[in-house]
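A.B. asks: Take the sequence shown: its position 15, counted from the start at 1, is 224 in the numbering used here, and no numbers get skipped.
Take these hints with a grain of salt, some might be off.
What the hints assert, rightly or not - Quick list of the computed label-pair ranges, beta carbon to beta carbon:
{"#": "1", "residue 1": "218", "residue 2": "238", "range": "27 to 35 Å"}
{"#": "2", "residue 1": "261", "residue 2": "295", "range": "31 to 39 Å"}
{"#": "3", "residue 1": "293", "residue 2": "219", "range": "17 to 25 Å"}
These are calculated hints, taken from the structure and not from any lab test.
Even glycine gets a Cβ: it sits at the ideal position worked out from N, Cα and C.
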Amino acid sequence: LPDKAIDVLDTACARVAINLSSPPKQISALATLSQQQETEIRQLERERRIGLRTDTARMTEVLVQYDETLTALDELEAAWHQQQALV
């Protein structure tokens, strides 16, 4: 094969390898969202501990959202791992 064809094939194989090993964008986005929610939960708990006025409704809302995010993340990760096992 000509050098150009080998370069194209090598690039394509590298992209496939990267896509197989890196998590899908949805998983990365949910992981980032869960980290943001964890940070907000810790901040609200810290404010409550030091005696600042805390919004219990907001704390409840964030906890529910966090639980939903973790559930969705677990489901997507399980599906992704199943797909990886097939390859």
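A.B. asks: Please go over all the hints and tell whether each is borne out by the structure.
C.D. replies: Against the structure, the hints:
| no. | hint | verdict |
| --- | --- | --- |
| 1 | 218 to 238: 27 to 35 Å | holds (32 Å) |
| 2 | 261 to 295: 31 to 39 Å | violated (51 Å) |
| 3 | 293 to 219: 17 to 25 Å | holds (23 Å) |
Hint check: a violation occurs at hint 2 only; the rest are consistent with the structure.
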